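Once you've looked at the hints, dock chains B and C against the given chain A.
Spelled out, the chains give:
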Amino acid sequence: MNSDVLLSISDLYKAFGGVAATNQVTLDILDREVHAIIGPNGAGKTTLVSQLTGVLMPDAGQITFKGNDITYMPAHRRPHLGMARSFQITSIIHDMTVLENVALAIQAKAGHSYRFWRSADSDQNLTGPAMEALRGVGLEAQAMQIAGPLSHGEHRQLEMAMVMATAPVLVLLDEPTAGMGQEDSTRMIAALQVLKGSCTIILVEHDMDAVFALADRITVLVEGRVIATGKPDAIRSDETVRQAYLGEELEAVTDVPGSGSSGTVRHVC
Amino acid sequence: MTLRGWVTCAVIVVLALVPPIVSLVDNAFILDMATRFVILAIAAVSLNLILGYGRMISFGHAAYLGIGAYAVGIPAYYEVYNGYLHILIAMSVSAVFALVTGIVCLRTRGVNFIMITMAFAQMVFFAFVSIEEYGGDDGLVIEMRSEFGSLIDLENASVLYYVCFVSLLLILYLIRRIVRSRFGMVIQGARGNEPRMQSLGFDTFRYKLACYVIAGTICGYAGALLGNFTNFISPEMMDWTRSGELIFMVVLGGTGSVFGPVLGTSVFLFLEEILSGLWLYWQLVFGVFLILVVLFAKGGIDSWLSGRRTH
Amino acid sequence: MDWTLLTVQLLNGLQLGILLFLLASGLTLIFGIMDFVNLAHGSLYMVGAFFCATFTQWLDSFLLGLLLALPATAVIGLLVELLVVRRLYQRDHLDHVLATFGLILVFDTLTQMIWGPDGQVIPLPAWLDGQITLMDGIVLPTYRIAIIITGLAVAFGLFVLVTRTRLGMRIRAGASNRTMISALGINISLLFSIVFVMGAVLAGLAGMMIAPITEASIGMGNQIIIVAFVVIVIGGIGSIKGAFIAAVIVGLIDTMGRSYLDALFKLFMSAQNAETSAPAVSAMLIYILMAVILAVRPAGLFGPRGR
Numbered sequence: 030m031n032s033d034v035l036l037s038i039s040d041l042y043k044a045f046g047g048v049a050a051t052n053q054v055t056l057d058i059l060d061r062e063v064h065a066i067i068g069p070n071g072a073g074k075t076t077l078v079s080q081l082t083g084v085l086m087p088d089a090g091q092i093t094f095k096g097n098d099i100t101y102m103p104a105h106r107r108p109h110l111g112m113a114r115s116f117q118i119t120s121i122i123h124d125m126t127v128l129e130n131v132a133l134a135i136q137a138k139a140g141h142s143y144r145f146w147r148s149a150d151s152d153q154n155l156t157g158p159a160m161e162a163l164r165g166v167g168l169e170a171q172a173m174q175i176a177g178p179l180s181h182g183e184h185r186q187l188e189m190a191m192v193m194a195t196a197p198v199l200v201l202l203d204e205p206t207a208g209m210g211q212e213d214s215t216r217m218i219a220a221l222q223v224l225k226g227s228c229t230i231i232l233v234e235h236d237m238d239a240v241f242a243l244a245d246r247i248t249v250l251v252e253g254r255v256i257a258t259g260k261p262d263a264i265r266s267d268e269t270v271r272q273a274y275l276g277e278e279l280e281a282v283t284d285v286p287g288s289g290s291s292g293t294v295r296h297v298c
Numbered sequence: 544m545t546l547r548g549w550v551t552c553a554v555i556v557v558l559a560l561v562p563p564i565v566s567l568v569d570n571a572f573i574l575d576m577a578t579r580f581v582i583l584a585i586a587a588v589s590l591n592l593i594l595g596y597g598r599m600i601s602f603g604h605a606a607y608l609g610i611g612a613y614a615v616g617i618p619a620y621y622e623v624y625n626g627y628l629h630i631l632i633a634m635s636v637s638a639v640f641a642l643v644t645g646i647v648c649l650r651t652r653g654v655n656f657i658m659i660t661m662a663f664a665q666m667v668f669f670a671f672v673s674i675e676e677y678g679g680d681d682g683l684v685i686e687m688r689s690e691f692g693s694l695i696d697l698e699n700a701s702v703l704y705y706v707c708f709v710s711l712l713l714i715l716y717l718i719r720r721i722v723r724s725r726f727g728m729v730i731q732g733a734r735g736n737e738p739r740m741q742s743l744g745f746d747t748f749r750y751k752l753a754c755y756v757i758a759g760t761i762c763g764y765a766g767a768l769l770g771n772f773t774n775f776i777s778p779e780m781m782d783w784t785r786s787g788e789l790i791f792m793v794v795l796g797g798t799g800s801v802f803g804p805v806l807g808t809s810v811f812l813f814l815e816e817i818l819s820g821l822w823l824y825w826q827l828v829f830g831v832f833l834i835l836v837v838l839f840a841k842g843g844i845d846s847w848l849s850g851r852r853t854h
Numbered sequence: 059m060d061w062t063l064l065t066v067q068l069l070n071g072l073q074l075g076i077l078l079f080l081l082a083s084g085l086t087l088i089f090g091i092m093d094f095v096n097l098a099h100g101s102l103y104m105v106g107a108f109f110c111a112t113f114t115q116w117l118d119s120f121l122l123g124l125l126l127a128l129p130a131t132a133v134i135g136l137l138v139e140l141l142v143v144r145r146l147y148q149r150d151h152l153d154h155v156l157a158t159f160g161l162i163l164v165f166d167t168l169t170q171m172i173w174g175p176d177g178q179v180i181p182l183p184a185w186l187d188g189q190i191t192l193m194d195g196i197v198l199p200t201y202r203i204a205i206i207i208t209g210l211a212v213a214f215g216l217f218v219l220v221t222r223t224r225l226g227m228r229i230r231a232g233a234s235n236r237t238m239i240s241a242l243g244i245n246i247s248l249l250f251s252i253v254f255v256m257g258a259v260l261a262g263l264a265g266m267m268i269a270p271i272t273e274a275s276i277g278m279g280n281q282i283i284i285v286a287f288v289v290i291v292i293g294g295i296g297s298i299k300g301a302f303i304a305a306v307i308v309g310l311i312d313t314m315g316r317s318y319l320d321a322l323f324k325l326f327m328s329a330q331n332a333e334t335s336a337p338a339v340s341a342m343l344i345y346i347l348m349a350v351i352l353a354v355r356p357a358g359l360f361g362p363r364g365r
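Chains as they are written, first to last, in the working numbering: chain A, 30 to 298; chain B, 544 to 854; chain C, 59 to 365.
Bound conformation, chain A alone:
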């Protein structure tokens, strides 16, 4: 096993009513890479991410993170190892302020919260780093506003700030640009570009522009199986992937220069 491997998935299997949603998935995520997972609707991307975050438990197989077996670790304990996630559907606490949302993320990282007396709002250990994270995503002006009524783009920015506030080792981003307009989407990609290199990112995304702009490596999932893993260029030119899925969607981005046959593609099936 490579010493640079941060997260290792081996022979992961999960079925719903006899239908395999994750079928013998084996995959290594390297330290500090941006690893995109793509595939058509119903390919099992969300199911796979849910097992990585502990929302779903696999039927068989193993997940190791930094060498620790986390296959059946409860969801609420994984963030303490440095795993953070964002949700496909924006998931923030609507009736709290923007700052409080981020402060809670920092509080979670700080360990237990059985502190009943001191006011959390005036706790510099929470508000300081929280403002820092809000500045990072350009949302510091809205810090004192209730999060609920903000725009969709601002919700996504807040979501990102909550993820980054915990200084995670591994971030799982489930469709970060979903439901965004072109402009917001470009801004989000730029924000992620800044993050790149500071932590490991698993990116589940439909938007091929975002995938090819950000990913170091790409895994293609079809019907619960990994059909290919490799560098973007290799994936783009891979025949199996083209036939199975990419087809037309790739046509839009094939004019990117340098699309040769460099890199290796590992065929699983």
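Derived from the structure by calculation, the hints contain no laboratory data. Fair warning: this is a prediction, and the values are worked out from it, not measured in the lab. Some hints here could point you the wrong way.
[What the hints assert, rightly or not] Just some of the chain C residues that point at chain B, by a computed CB distance under 10 angstroms: (1) I162; (2) S317; (3) P337.
All residues carry an ideal CB built from backbone N, CA and C; glycine is no exception.
Below, chains B and C without anything else, positioned relative to chain A:
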């Protein structure tokens, strides 16, 4: 100062002055009313900690009033009158009951949570109904109030009142600190979006359980005061309809602030007192009023005072 | 062991189970489909009993009184749905709880205004008031047998309605997936009214059947409704089958506990201790059962997963 702030101060000042006023107008009934009000306000404020801040709709909160009252009554039945012991028993038994039932209740959510909290309270109700030794259905007379040495004499109605009043102030302050602390933020976060809180790494079940136990323990303390005040306890005081009244007090006052339930309790008791004197069938008006409040007046008195609609 | 007593107690348990089922089936459908918490369900049980008492006294016939009381209870149920409940479907559970708590006060007080504070007796016709002697000399009250048979017949009818008819199909669709019924283009407000009235009639019927034994009295529904809640929590919300099985289990355990727990306790503790502790424990039995079942299956025996 805001309107809400003025009203809060006014209520506290008036409450502080009740005994001198009562001795002036020589009407002991007012002091009785005020004592009952302050005790029920403590219960309502403790309920609001889980109901308002945690969105845990407990329909069994009156059980803690009963547990607290029996914690005074049963030792008194065996001629043990040590007040510190009474309060220790009231609070620790309430805490244990909240812990054990909370572990079961908090595994469920929504409608199930409401019904299960209700069912557990009813279980305590029936348990005391069937224990003949402590009066069963008919209840138990407490011969003497709790003793706290020579300093505090609860047999003096004014002293009892001030003990209750100071307790209310301290508990209001305590809960205000709790809801603004890190712990309180977690509870309110779980109210807003529990899955998100879990994905951030909070074991929300344990925080909610801790909150549930704190609320139950405080209400158990209120129960001990209530037992001392009424000198009589019966299972009737923890009937599920009593829990319903507590919820109504909280919602009427507004779940959005720590002080809201105090206002709700005052309006509730005031209406009850006025209406029951006017008409034999006053509960009809009360019921209709309740329905109208739910249908048309969301947010309670508190949101009206602070001039904002509820979230 | 006294076999007559045992048989009578088993029948009493079964009869309680049947009554609980009539209450719980309506509750569980209303929860399952409308996601509505109806504390006032017990009030409809009481209203049914009072209607039945009055009509029986007027017409001098329990059966006619019962037949007239059923549609009368349905009308009350419909009024409640149209005037109050309908406005609350979109609200949260706290609002449901409070408004229906208000309804209980209204119903209890109105009943007191109309009928006075005393209970109403329902005289049974002679052919129901007797006893049946089974083989082995076991004597059973006819009316309790009649309640059980009627209840089972209603349960069967309800089962056929839900599993074999178009209305039943819609109800089941609604109970398992609320968004689905709107997707199917079904008139939701009509379906909600039908289900609510159906629940009201079932609750009323339960009240009418118990009243000749206990009298119709103010607040008679306020205790049994909690037990009905325990039943649907154990059975799983939205499940008629679960409600039936849980109702019978709860009815039997409660009755048997009250009759035989002290004898059981005497096996391993002193007679005096057994006699003081057994009543308290038997009063708690069904709640302990509920806690145990929830600890193993948080959604109840037949409940949907993850609600």
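Earlier hints that do not hold, by number: As far as the earlier hints go, only 2 is violated by this structure.
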